[in-house]
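Line by line, the protein sequences are chains Y and U.
The first sequence begins at 1 in my numbering and counts up one residue at a time.
The second sequence begins at 1 in my numbering and counts up one residue at a time.
Worth flagging that the hints you see were computed from the coordinates, not collected in a lab.
The reader is advised that the hints may include incorrect statements.
[As the list claims (entries may be wrong)] Chain Y residues, not near chain U, derived (Cβ > 12 Å throughout):
| no. | residue |
| --- | --- |
| 1 | 52 |
| 2 | 56 |
| 3 | 60 |
| 4 | 140 |
| 5 | 164 |
| 6 | 230 |
| 7 | 241 |
[Unchecked claim] Quick look at which bits of chain Y chain U covers, simulated, 3 or more residues with Cβ under 8 Å:
| no. | segment |
| --- | --- |
| 8 | 150 to 161 |
| 9 | 254 to 268 |
No residue lacks a Cβ here, since even glycine has one placed at the ideal position from N, Cα and C.
Take a look at the letters that make up each chain.
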Amino acid sequence: MAQSDSTDAMIQGGIPKAEHPVSEAWRMFQRNTAAMFGLVLLGFLVLITLIGPLVYSVDPFEIVWAPLTPPGQEATAPLGTDYLGRDILAGLIHGGVATLAVGLAAAFITVTIGLTVGALAGFYLGLVDDILMRVTEFFQVLPALMFAMVLVTLFSSSLTVVAIAIGLVSWPPTARLARAEFLRIRNLEYVSAARSVGAKNPRIIWRVILPNALPPLIVSATLTIGTAILFEAGLSFLGLSDPNTYSWGYMIGSGRDNILDAWWAVTLPGGMIFITVLAVSLIGDGLNDAFNPKLRER
Amino acid sequence: MHKFKSLSLATALVASMIPGSEIQAADPVKGGTLVIGTTQKPRHLNPAVQSGTATAVPGTQIFATPLRFDENWTPQPYLAESWSVSDDGLSITLNLRRNARFHDGEPITSEDVAFSIQTVKDNHPFKTMFAPVEKVDTPDAHTAVIHFSRAHPAALLAMSSALLPVLPKHVYGDGQDPKSHPANNNPIGSGPFKIVEFKPGEHVILERNPDYFIEDRPHLDRVIVKHYKDSNSLTLAADKGEVDMYPFVTNTRNIGRLKKNANLEVTSQGYAAVGPVNWLAFNTKNEFLSDVRVRKAIAFATDKNFIINALHGGFSQRTAGPVVPGSPFHAPDVEAYDLDLDKANALLDEAGRAKKDDGMRFKLRVDYIPGVAEQQKAIAEYLKPQLKKVGIEVEVRAAPDFPTWSKRVSGHDFDMTMDIVFNWGDPVIGVHRTYTCDNIRKGVIWSNTQSYCNEEVDDVLSEAGVEPDPDARAALYRKAQAIIVDEVPIAFINTVPYHTAYSKKIGNPPISIWGAMAPLDEVFKTK
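Input sequences plus hints: build the corresponding full structure.
Here is the structure:
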């Protein structure tokens, strides 16, 4: 590790280093009120999701009161009950883990596939690029929601399958972005410099190009979390969520039939998803702004 | 107008109290169009080779049957003006009306009846309806004698509604497969209405048959069966008066909504013969469920009162046994398995399934039919927290569509499943199939997918199937049901709360045992 760091320092030696790029980005990010608001919001949600279940330990599956009790009417279920009589508040608190986990997992899968495909295509070009880009286009023209529905239908509607399905249908844009970045950077002088000191291809991809291609990919990955959460909610709305894991998406899916009689069973988890996606988007935008000035300076 | 309505209602009420009387309209109005809304889309219109309500509603308008039934389970003359059952029960003689003609003008003969029985016997999914038929003699053009290998009291019911449509032999006898016969989309029958247009997924338009064999009927000029995408849009259409009649309303919130509409009547009458039972079936080959005590425990742990009153708003009805209340073969005094968690826990302990450290005993999966959420999915999801109380972990296994569910259950790849099964009027048609040992047929949905087998039940059921005396028959069925309920291959929950919503302009609504799956020749519509 130490050795490779020194090699990097040698490769990038010509560029003056005023401030570490991460701390510079963080400084830029802090200046962005909207982004900080998003971060605080997300922190709050994560807190509810992680600490909440310890404080409010009602099992979200448990039937606690009469079905379809409106919010504010019964102390046992302060935010009302769903069509089976399950506590909405417990659902909101306990359902966050699954929703956030699906979002993170799907974003992780998206970035992994997208980055691998994009990096290989953008670096090696030629036949590799042709094949990988045709595959990407194939996935790109598939209607994402339909394809995800088919996957979930074919296998099962467990949370894992849902996350994988979302990941599988959302990677092409990331791949395109990664490819474009790699195409741009592979011809820059410091890459030639690395090659001239004898760095092998994997090393150039991993240690030289990737760190410099990361900023836009981080932004894209952050936004993907939001999209993935919305996607999960969409699948749930169509009744394809995992009935054995309490998630906000599942709450929406199961409350949908009674939306005319019980708005709270759908609106409250919908609100949580809205807040989460808003927070993630604000952070994503903030990151984008934080990374971009650096590019402009260059 | 109000006075008129109450008068016709009163007549219907009086008529229903006199057994065997045909309902006569007080003063039926001629003409008009009846629009029936449905979410059930038929593949074709020939009920001889297709079961289900989608084909049956238009099918019973197009095709006449030898008999029809009133709301008291009494057979009435229809194409057969009279009939007699031999003393030994081994033959039934039908005397057909002489004036009856098909929609193309050809007269209906006993040949057509014989041909239809053979077609239904060979092609209809309900094999038991005409399985005992040995041959049908046609001594003359208007007499058909059906010979059975054993007494078959279910035969009369199997000759009504959509179960034995009399097909024109001169159309269907051309050697083509009746299941895919081109005439199935544009059928020629002899019922009160003839086909004008069938647009799959959109509508079936029927018009008055002017040569109908019952004089002065039908009253209506046209019947349109209009197909709707889902029950919510159909409910809104009925609410707005876009349709005159909405049979088979299932969702209890929709029933409640329609009941509030001052222009509509909503009745639960007309579903006695269909007899739809909503139940939780057990795979008795499952390592845990093979023990009757485990099955009993689950039955005791399920709160039927909560399901019926809280989940279904009180619109569905409890049925503790396989035959629905409202059928002459219902068994009212079987074990009801009222909620008793202590008993359930005790039974599970007794079965040797003690609670582990985490308070749980074992895990089971529950499946459900997608699409009828309130009856199926809701109860499956209810079982998860409910059975947890007695230490059974339940995994709800969602199926994305009907074929997936059907494949799992018919392939015996399930632990427990919610299911809806119809009685279809006579237990021989709709009840035996679930319990007899010889009907454990992998790959066939709504067979004995529970793999339940008790020779005593088999014996009692086959005895009941051939018993000509109605009272003795009912007693045998009560005996069989007592055993079945005691051995719990199935935890019976409720009847599906089918209702018919119809405009107050409609006179003589279909309230016979077959409801809208019967000729609507008496229905009329005031201006």
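These are the hints, each one checked on the structure:
1. Listed as a non-interface residue, residue 52 of chain Y keeps its Cβ farther than 12 Å from every Cβ of chain U; the least gap is roughly 20 Å.
2. A cut-off of 12 Å between C-beta atoms confirms that residue 56 of chain Y is not in contact with chain U; the least separation is 17 Å.
3. Its closest Cβ contact with chain U, about 9 Å, brings residue 60 of chain Y to no more than 12 Å, contrary to its assignment away from the interface.
4. Remark: the non-interface label on residue 140 of chain Y is consistent with the geometry, its nearest Cβ contact in chain U lying 25 Å away (cut-off 12 Å).
5. Distance check for residue 164 of chain Y against chain U: the nearest CB is about 16 Å away, which clears 12 Å, and the non-interface claim stands.
6. Listed as outside the interface, residue 230 of chain Y is consistent with that label: its C-beta sits roughly 21 Å from the nearest C-beta of chain U, beyond the 12 Å cut-off.
7. Annotated as non-interface, residue 241 of chain Y brings its C-beta within 12 Å of a C-beta of chain U; the closest such distance is 8 Å.
8. With a cut-off of 8 Å between beta carbons, the segment 150 to 161 of chain Y has 4 residues touching chain U; three or more are needed, and the interface restraint holds.
9. Coverage of the segment 254 to 268 of chain Y by chain U holds [criterion: at least 3 residues with CB-CB distance below 8 Å; count 5].
Of the numbered hints stated above, those contradicted by the structure are hints 3 and 7, listed in ascending order.
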